[in-house]
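Asks: Letter by letter, the chains look like this.
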Amino acid sequence: MEAKRRVNAGAWGRESETIPDADLLPVGISVFCLCVRLALRLAALVVCCSGLSFWLGGGLHMGWSKSTETRTEIDEVTGLEYPVTASKYVFGAELLGAAFAVSGGLFGLSFAFCKPTRPGNRSGAEMSLI
Amino acid sequence: MKQFHKGKLAWVLILSVAPGVLSADSIKFDFRDSKKVNNVVFLMDAPLESINGTATGVSGTVSFDPAKPAATAGKIVLSTSSLHVDNPVMKKHMLDEGWMHVSKFPTIEFVAGKMTEVKTTGTTITGTIDGKLTVKGVTKKVSVPVRLTYLKGMLIKRNRVPGDLLVLRSDFTIKRSDYGINAGNNEEKVSDEIELKLRVAGAAPY
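So the protein sequences, as listed, match chains V and H.
FYI, this note's numbering numbers position 97 of the first sequence as 97, with every residue one higher than the one before it.
FYI, this note's numbering numbers position 164 of the second sequence as 164, with every residue one higher than the one before it.
Just so you know, these hints were derived from the structure itself, not from any lab.
Take these hints with a grain of salt, some might be off.
[Unchecked claim] Listed below are the simulated DSS-like cross-link pairs for lysine-lysine, each with C-alpha atoms no more than 30 Å apart in a straight line: (1) V:Lys66 <-> H:Lys136; (2) H:Lys28 <-> H:Lys152; (3) V:Lys66 <-> H:Lys91; (4) H:Lys136 <-> H:Lys114; (5) V:Lys66 <-> H:Lys36; (6) V:Lys66 <-> H:Lys104; (7) H:Lys35 <-> V:Lys66; (8) H:Lys92 <-> V:Lys66; (9) H:Lys35 <-> H:Lys92.
All chains, full assembly: derive it from the sequences and hints.
Replies: Here it is in C-alpha cells:
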C-alpha cells in the first residue's frame, strides 16, 4: 500500500513533490494535529482578548505604557496648577500591538497543523497541476 | 586731621548702609517648596511622538519690590534629577548621558537680570525678564515673558506662617540644539523645540 503519492507540479517550475495522503495518515497524528491546531487558535484568542481587555481597562491609552500616572491639581491659595504623580501601570498601545502580533503569529502557526487537502477537495487550478 | 577722619568715617558709614536702605522695600522670596507645588512642565511635540513631563525640584530666591517691580531679580534653580515622564524607559534615557546627563549637570538655572515692559494690574504684574538660562552647562541669554502675582499676607493660609507670597508664571520655548541636548538626533521622535511652563510660588515670612 502506497503511503504517499507523487504530484507533478512541473508547470510551476517544481519538478515534483510528495504529499502525505490524508486518507492514509495514522489516526494518532491526525488527532494530534487537530489538538495542536485548536490549542494554538485558543491561545491566539486568549492573547488577543487579554491584550484588548487590558488596553480597554487602562483607558484606551494611545501612547507608550506608563508605570506612573500624572494628574493635575490646583493649589487653593496660589491658583497654581501642579502635577501629582501616582504609581499605576497603564497598558500602552505598543503592548496592544505586541499582543495582536503574537495572536496573529499563533493563529498563523495553527495552519501548519491542518490536514492536507484531499484530491477531491482541491481547486481546479490545483487539480490541473496533478 | 580729626575732622578729616570724621568725614571719612561718615562716608564709610553712608556707603555701607546705603545698599540696605536702597533695598529696604525689596522682599526676598524663597522658592524652595516642600509641598512640591512649584513645578516646570515640559512639552515636546515631534512628528512621530509627543512627550510631556514635569519637574518639581525647584529652589532659588527672587527679590521683589511691589513698588518697583522692574527691579525684580533673582535665581530659580531646577534639580534635573526631578525631571519626570510616566514611561520608565523614556525617563531612564532622558536622565542618562545621551540626553540630560544628570550626574554631570545636576541643575538647570535661570538668573533673572532685569524686568522690562512692566505692566501692573492690581496685584498682577506682567513683563519680560531678561536673564541667563543654563542648561547642561551651556549658558544663553533669554528673554521670557512672566506674570507675577503678589499675594500680601497670604503665606499664613498656605504654610500657617505670617508672610507674603509671590506667584511666578512663565511660558517660553527653548531649543535643545542650543544647549547641546543630543542635538540633531531623533528629531522625528523628540522635537528640537521644548515648550516650558514655569509655575512657581515663593514665600517671604515676616
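Asks: All hints are to be evaluated individually against the structure, with a verdict given for each.
Replies: Right, here's what the structure says about each hint:
At roughly 27 Å between alpha-carbon atoms, V:Lys66 and H:Lys136 fall within 30 Å of each other, so this suggested pair holds. Straight-line distance between C-alpha atoms of H:Lys28 and H:Lys152 comes to about 13 Å, which keeps the hinted pair within the 30 Å bound. For the proposed pair V:Lys66 and H:Lys91, the alpha carbon gap of about 10 Å is at most 30 Å, so the pair holds. Proposed proximity of H:Lys136 and H:Lys114 is supported: the alpha carbons are some 23 Å apart, at most 30 Å.
Our distance criterion of 30 Å between C-alpha atoms is met by V:Lys66 and H:Lys36, whose separation comes to about 21 Å. With a C-alpha separation of about 27 Å, the suggested pairing of V:Lys66 with H:Lys104 holds against the 30 Å cut-off. Restraint check for H:Lys35 and V:Lys66: the C-alpha separation of about 24 Å stays at or below 30 Å, so the hint holds. Distance check on the hinted pair: H:Lys92 and V:Lys66 sit about 13 Å apart at the alpha-carbon level, within 30 Å; holds.
The straight-line distance between the Cα atoms of H:Lys35 and H:Lys92 is roughly 25 Å, inside the 30 Å bound, and the hint therefore holds.
Hint compliance for this structure: every hint is met.
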